[in-house]
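If you count by UniProt numbering, then the sequence shown holds residues 1 to 180, one letter each, in order.
Please note: incorrect hints may appear among the correct ones.
The following label-pair restraints were derived from C-beta to C-beta distances [what the hints assert, rightly or not]:
hint : residue 1 : residue 2 : range
1    : SER35     : GLN89     : 55 to 61 Å
2    : GLN168    : ASP73     : 50 to 56 Å
3    : LEU99     : ALA21     : 34 to 40 Å
4    : GLN168    : THR76     : 33 to 39 Å
5    : ASN140    : LEU99     : 34 to 40 Å
6    : GLN168    : SER77     : 54 to 60 Å
7    : LEU102    : ALA135    : 44 to 50 Å
8    : VAL139    : VAL179    : 42 to 48 Å
None of these hints come from the bench; they were simulated from the model.
A quick note: this is a predicted structure, and the numbers were derived from the prediction, not measured.
Think of the CB as a built atom: it goes at the ideal place given N, C-alpha and C, for glycine as much as any other residue.
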Amino acid sequence: MLLILGVVLDGTLGRRDGRTANKTEANQLPSPFESLDNIIAKFNSKDLDTKDVCFTFKQRLFNFGGSGKPDPDLETSFLKGLQSVCPDQTDSDNTLVALDSLTTNRFDNGYYKNLVNSSGLLQSDHVLSTDNITAPMVVNYSKYPYLFLKDFGASMVKMANIGVLTGQDGEIRNDCKVVN
1 MLLILGVVLD GTLGRRDGRT ANKTEANQLP SPFESLDNII AKFNSKDLDT
51 KDVCFTFKQR LFNFGGSGKP DPDLETSFLK GLQSVCPDQT DSDNTLVALD
101 SLTTNRFDNG YYKNLVNSSG LLQSDHVLST DNITAPMVVN YSKYPYLFLK
151 DFGASMVKMA NIGVLTGQDG EIRNDCKVVN
């Protein structure tokens, strides 16, 4: 068991890690360009539900959907701030911007507060607040930080149990970030 920000997570230790990276499996992660339906389908394929859904955003600032205009759903001051940090020039393509502009250095529900206020950075994030299935969760997570932390913890435990290696597969690492 682990206590994080007042939420108890029931995780396991001594897990076996793979010895190599796998590009095919990495490509199964949702892309920020995918539709919400595709993102949910990828989560469902791993036995995760909608509550588990947890560089490129410039098109939302200058040419949303090929219109030559910004995404009309972006909150105006948020849009102007992003446009000043990331001008419509190639040399700004490597500029980093926080996904959560409210509480950048804290793990909390600020991300969901941003979504409710039309200040979600990625289009794939924004659609969470407009979809009939996910919008109520966004509102609840923005209002009730403990609910977000509880559900996040449960989702992390579920994700930790995807594709667990057993037997002689993989290794138990001495240092989690380095292959033995």
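These are the hints, each one checked on the structure:
In this structure the supplied range 55 to 61 Å is violated for SER35 paired with GLN89, their Cβ-Cβ distance being about 28 Å. The supplied range of 50 to 56 Å is met by GLN168 and ASP73, whose beta-carbon atoms lie about 51 Å from each other. Between LEU99 and ALA21 the C-beta distance comes to about 24 Å, which lies outside the given range of 34 to 40 Å. Checking the proposed 33 to 39 Å range against GLN168 and THR76 shows it is violated: the Cβ atoms sit about 58 Å from each other.
Checked against the given bound of 34 to 40 Å, the beta carbons of ASN140 and LEU99, roughly 20 Å apart, lie outside it. Restraint check, GLN168 to SER77: a C-beta distance of roughly 56 Å satisfies the suggested window 54 to 60 Å. Against the hinted window of 44 to 50 Å, the Cβ-Cβ separation of LEU102 and ALA135 comes to about 19 Å, which falls outside the hint. Evaluation of the 42 to 48 Å hint for VAL139 and VAL179 yields a pass: the beta carbon distance comes to about 43 Å.
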